[in-house]
Amino acid sequence: MRGLRVPRGAAFVLAYLPFLILFGVAPTIYALDLAFTDANGGWVGFHNFVRTYEDFRFLPAFKHILLYTVVWLGALMVFVVGLALLLHGRANRVSSAYRFLFYIPGALAGAAAVVIWLFMLDPTVSPASFLLHHVLGADIFAQSIAPGNLPYIFAMIAFWTGAGAWIVVMYGALNTIPPDLEEAARIDGAGAFTIAFRLKLPLMRKWIAYMLILSFATGTQLFVEPELVQHASFGLVPDTWSANQLAYQIAFRYADFNGAAAIAVDLLALGLVGALIIVTRSGLFRTEDD
Amino acid sequence: MKAKRPHVALASLAAVAAAAAALVAVSSGGASSANASATPSGSITVWVDAVRLPVAKLYVKTHPKVHVKIVLYDGDGNGATTMQTKIQLWNRAGKGWPDVVFTEQANDPVWMAQAPYNFAKNLKGVFPASLIAGWPAPSLSQCTVNGRLVCLQDNLAQEVLYVNKKLMTKFGYQVPKTWQQYAALGAKVAKEHPGYIIGTLGDSYGHWLYLWPDSCPISQVVAPNTVRINSADVHCTRMAKLLDPLLANKSVSTVTIFSPDFAKAYGGDDDKILLMPGPTWYAKDIFGGTLKVPAGEMTAAMPLRWNNEPLTTGQVGGGPWVVSDHTKNVAAAIDFVKFSTTSFAVKRKPGPLSPGYPSYGPAATLWLKNLNRDPYFAAPPGAAMKAAASLVWKGWSMVTYPDQPVWSNSVVTQLVAGKSLSDQLSALGSGLSNNAKAAGYKVVSK
Amino acid sequence: MRVPALTLRALILAAFAVFFVAPIVWLILAPTKSDAALVTSSPFSFGSFGNAWRAWHHLDAFSDHIYRRWMANSLIYSLSATAITLAVSIPAGYGLALGRFPGRKLILSVTLVVMIMPAATLVLPIFLELNALHLIGSMFSVILPFSFFPFGVYLAYIYYSTAIPSELLDAARVDGCGEWSTFRRVALPLAKPVVALVFFFSFVSNWNNFFLPYVVLADSNQYPITVGLSNLLASTPSFNPAVGGGGQSVNIFKPELALATLLAVIPVAIVFLVSQRALVRGMLGGAVKE
Chain A
153 MRGLRVPRGA AFVLAYLPFL ILFGVAPTIY ALDLAFTDAN GGWVGFHNFV RTYEDFRFLP
213 AFKHILLYTV VWLGALMVFV VGLALLLHGR ANRVSSAYRF LFYIPGALAG AAAVVIWLFM
273 LDPTVSPASF LLHHVLGADI FAQSIAPGNL PYIFAMIAFW TGAGAWIVVM YGALNTIPPD
333 LEEAARIDGA GAFTIAFRLK LPLMRKWIAY MLILSFATGT QLFVEPELVQ HASFGLVPDT
393 WSANQLAYQI AFRYADFNGA AAIAVDLLAL GLVGALIIVT RSGLFRTEDD
Chain B
901 MKAKRPHVAL ASLAAVAAAA AALVAVSSGG ASSANASATP SGSITVWVDA VRLPVAKLYV
961 KTHPKVHVKI VLYDGDGNGA TTMQTKIQLW NRAGKGWPDV VFTEQANDPV WMAQAPYNFA
1021 KNLKGVFPAS LIAGWPAPSL SQCTVNGRLV CLQDNLAQEV LYVNKKLMTK FGYQVPKTWQ
1081 QYAALGAKVA KEHPGYIIGT LGDSYGHWLY LWPDSCPISQ VVAPNTVRIN SADVHCTRMA
1141 KLLDPLLANK SVSTVTIFSP DFAKAYGGDD DKILLMPGPT WYAKDIFGGT LKVPAGEMTA
1201 AMPLRWNNEP LTTGQVGGGP WVVSDHTKNV AAAIDFVKFS TTSFAVKRKP GPLSPGYPSY
1261 GPAATLWLKN LNRDPYFAAP PGAAMKAAAS LVWKGWSMVT YPDQPVWSNS VVTQLVAGKS
1321 LSDQLSALGS GLSNNAKAAG YKVVSK
Chain C
2 MRVPALTLRA LILAAFAVFF VAPIVWLILA PTKSDAALVT SSPFSFGSFG NAWRAWHHLD
62 AFSDHIYRRW MANSLIYSLS ATAITLAVSI PAGYGLALGR FPGRKLILSV TLVVMIMPAA
122 TLVLPIFLEL NALHLIGSMF SVILPFSFFP FGVYLAYIYY STAIPSELLD AARVDGCGEW
182 STFRRVALPL AKPVVALVFF FSFVSNWNNF FLPYVVLADS NQYPITVGLS NLLASTPSFN
242 PAVGGGGQSV NIFKPELALA TLLAVIPVAI VFLVSQRALV RGMLGGAVKE
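Residue numbers (the working numbering), protein chains in the order written: chain A, 153 to 442; chain B, 901 to 1346; chain C, 2 to 291.
Quick caveat, the hints were computed from the structure, so don't treat them as lab data. Since the model is a prediction, treat every value here as computed from it, not as a measurement. We put the beta carbon where it would ideally sit given N, CA and C, even for glycine. Among these hints, one or two may not hold up.
[Said to hold, decoys possible] Selected chain A positions facing chain B (in silico; Cβ < 10 Å):
hint	residue
1	ARG160
2	ILE181
3	TYR182
4	VAL277
5	ASP291
Model the full structure from these sequences, guided by the hints.
In structure tokens:
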């Protein structure tokens, strides 16, 4: 094999490419095509974007998801990284027990998590009715899910199901740090905080960046939580609360796949801008030789 | 041996006759014939909600020749768009449509019958005309879109006034006949028996129960693709003004009857429901089932009228059955709908097979008779239900967009927060207008 | 300074543990109570096994044992897709991390972009593709899209680019290994942690996926447990007032819903337990040691 001037490593991605194209690239191109054409396939420029922007549900939906995403990312950054740091470097069994406990909610299917929180948010059955009363001012379910509370509630549900997985990843990332480095720092007299923030945190950069990019994207794409809470709230929560829900309704209720694609491209642009910023600032794509 | 030959001859003759009859049956029991004597066969797929499941299963049991695939879905309850999603996708794929669909949303057939969905079959000419005649005219007109009869209602859901006879007698209250008396009673109840209620605005269809009876024009199709939405009309504002003090003194609740909160606060053995405007299907299943109000308390009275004005009432649902225009087995599909809507085995009495007031007249008569006999009620509720059937205000049209979500999102959420109904009328009107325009309607206020 | 820090750490970890776990404990106890008891008795009280058994009977009886079908479907879809994902993603991540070929960065970027693309938009084009391939109605309409797991490729990419120092590879190449034997000798044995991670995340992601199966599967007998759960939720009288009355005959109330949710979690919890060791050991193992 050494004589062959084959680009190194290309063969390994061969099996992946058909999947990438069939379920990644082709649908994306088709969606882009839909966003700039009309129902008959004719080119309409930005007409679909303008049209959907003017829909009375558009701005509220985007406001909702941006607020939700900010709360969600904030919680992730602070609590996931913080908890991973707290768990690292201590008694392994205790640490893994905690990690298991934190992860368990992540095992719940989206629908399952919502079902649990429907019960948790209902003051008549919830074990947290005390908190509901004092934090949300809610004595009945309808008050728990008052419009102003929704972004925080959805962020909490998403955090509850998603944090555990990222804590696992972050913990794994922390384990790639050579123990000698930590030992050396400790010998030098660094305390736990210093080690965490000056040594460990910078080395987790790539992983944190990855977490932020994906979470920004999934945050703006919020769908399952508001959709199911909407089903269970007797309609008190609208079915176009999030931008993704709006895209879904426009596609399947109004048979307007072009408009739906325009909204999806809006979300894609949002996610790309976020990703671009994070990638360039963290050097995510740099390999050792660059 | 000789004795056997005549038998053999007879047997052969019989065999030939049977074969011939079978041949005739096979060839005449074809797809497009609605001939009642030809037994339907083949296979169909039906989509039903959980409540219609017992009916579907009974059909399967009693019609072994038809292979029925039952698919359970959410019935498009509370304004869901499940059916729209699926029909869109089936249209795109060019296959997959079920033969029969039951939906809880009374306005579903309106969009199902039009482009781009083009799903609902015209039942005129395929469904036995003699049976169609058993449906009341308003029910048939609700199912008529562009001149085609695109559905048949499962049950009539006219609004009556449920009365807790036991409690009303105990407290010495008279059953109100007008909205004005209703409001006066509410003031009394709030003072003398706080905690007891005479109604609720918290359901996703609260506007059907309180605004529809007073002819509030917020869903009135006045011309093709033109809908009149005027929440500032006097019929809406005066009803809101009447209800505001009742909301404030809490004699009218803001919680939906389906929530555990409502059941906990107002249901059970020491229930606190004095009056409750509600549709016919509340009868035993909601009061007895969901709310667990004990037997011997509830009955139904005539709906309320506004002072001396003509009596009109509202409506909550009614469950259309729709046959797919793409069906390849019309005979079996029609037979299924026929069974579900008209069969006395199904519609005989209030229960899991027929929780609501049957639309089909002859079945309704029998159902009412058994309803009146049911020991659950303090007094026979059937008379009021029957009378109310023809009193539903005709100015509320079925449109292609569901209006429940607008009521829930923009009104109920505010009522729960303690605001008045009058303050929400404008948001209700604009929310409905926005939805109407998004669905392609022209909105007028006159 | 050590003792207060330890106590603070313990407090924080414990508080979060309660947040993550209390709803699950509630969920486990809920099926043991009757529907009325859930509202009236203490949230963490134990009811009776009899109640739980009854709840199972109701759940099982729903729609001709369809719950069992849903669970079986989820297992089949998730395991098959994960198997394909592993076979495809691990080599792909390796090739992208350590290979040198034109288009490497392009494939990485495309993968990232596709991950950000809103799911609602990709689903319709994917549906149309599957339809053109006559796969609609077969289980491959779910398994094949599930097998496309760019997150897994990225995990493998990050793992291989950070955890395997190039000295190790150079050592192998100096020994005369070709690309494939390098992979087999160096990368594959060290892959255990990332295989465990990808297996884990892929399985969970497949298990929890809602939107794609909801759209492409018309037959409720083919639903995975996620879509089935939402179907169940929509049929629960407490949440969906059946216009036309009488949802009571369906016998799916809060305890049954809780039980359905609980059982849906168990397979994933098992997978987590199984993957625990590999996840805990972290990513480096002994690669750099002599």
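We went through each hint and held it up to the structure:
no.: 1; hint: ARG160; in the structure: violated (44 Å)
no.: 2; hint: ILE181; in the structure: violated (18 Å)
no.: 3; hint: TYR182; in the structure: violated (13 Å)
no.: 4; hint: VAL277; in the structure: holds (7 Å)
no.: 5; hint: ASP291; in the structure: holds (8 Å)
Hints 1, 2 and 3 from the earlier list are contradicted by this structure; the remaining hints agree with it.
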